[in-house]
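Engineer: Going down the list, the protein sequences come from chains A and B.
Using our numbering, the first residue of the first sequence is number 1, and each one after it goes up by one.
Using our numbering, the first residue of the second sequence is number 1, and each one after it goes up by one.
It should be emphasised that the hints constitute simulated quantities derived from the structure, not laboratory data.
Worth double-checking, as some hints may not be accurate.
[Said to hold, decoys possible] Derived PhoX-like pairs (lysine-lysine); straight-line CA-CA distance at most 20 Å:
#, chain 1, residue 1, chain 2, residue 2
1, B, Lys-98, A, Lys-24
2, B, Lys-56, A, Lys-68
3, B, Lys-69, B, Lys-56
4, B, Lys-26, B, Lys-98
Please read these numbers as outputs of a predicted model, since none were measured by experiment.
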Amino acid sequence: DAGVIQSPRHEVTEMGQEVTLRCKPISGHDYLFWYRQTMMRGLELLIYFNNNVPIDDSGMPEDRFSAKMPNASFSTLKIQPSEPRDSAVYFCASSFGTLYGYTFGSGTRLTVV
Amino acid sequence: SQQGEEDPQALSIQEGENATMNCSYKTSINNLQWYRQNSGRGLVHLILIRSNEREKHSGRLRVTLDTSKKSSSLLITASRAADTASYFCATDVRGAQKLVFGQGTRLTINP
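Can you make the complete structure from the sequences, with help from the hints?
Structural biologist: Pasting the structure below:
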């Protein structure tokens, strides 16, 4: 397995633009997580899915953020409109649940100017 | 909010020495996990210790868990330059299927 695949690796966009981050989890994993990492706030859980269903989105900062998982092999995190404070590294991870370790993707470094 | 807090925030040692990092947490857990993150990369799972376990080994890694003190430690023996990375503890909060990560310890191994 190629691991958790995220795209793009880097994204630079202007304030106000829509940004879409993509994630392909490991086949067979039934949990998918989106985290955001910044120097100030560390790793924050934004939302997680179980069997493609959103379970907990309490970490989503505001309505500008939305996430979908249309099938077991694909998820998106969308920011519309983007703001400079959204600049961070966004990670996707998948697992069989918290009784097992997570497998993280390489992340998407988002810069909003 | 952060569930786990690592200590120290940064640690610098000579190659060959042992490195010890600590993690404290606040609420009851099912398990505690340690991850490594190399600069510019994703996190890599190192080891998981369940709440009914007190110690676990994996190669040069040794993890202890004290649920009465709500704390854990990660020991890396005979450190190597390649161990230079940030190390995070993550707790599986009981009743919620999600991991909450601490702020991490930045470990530097000097050759």
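Engineer: Could you run down the list of hints and mark each one as holding or not?
Structural biologist: Going through the hints against the structure:
no.	hint	in the structure
1	Lys-98(B) to Lys-24(A)	holds, 19 Å
2	Lys-56(B) to Lys-68(A)	violated, 37 Å
3	Lys-69(B) to Lys-56(B)	holds, 17 Å
4	Lys-26(B) to Lys-98(B)	holds, 15 Å
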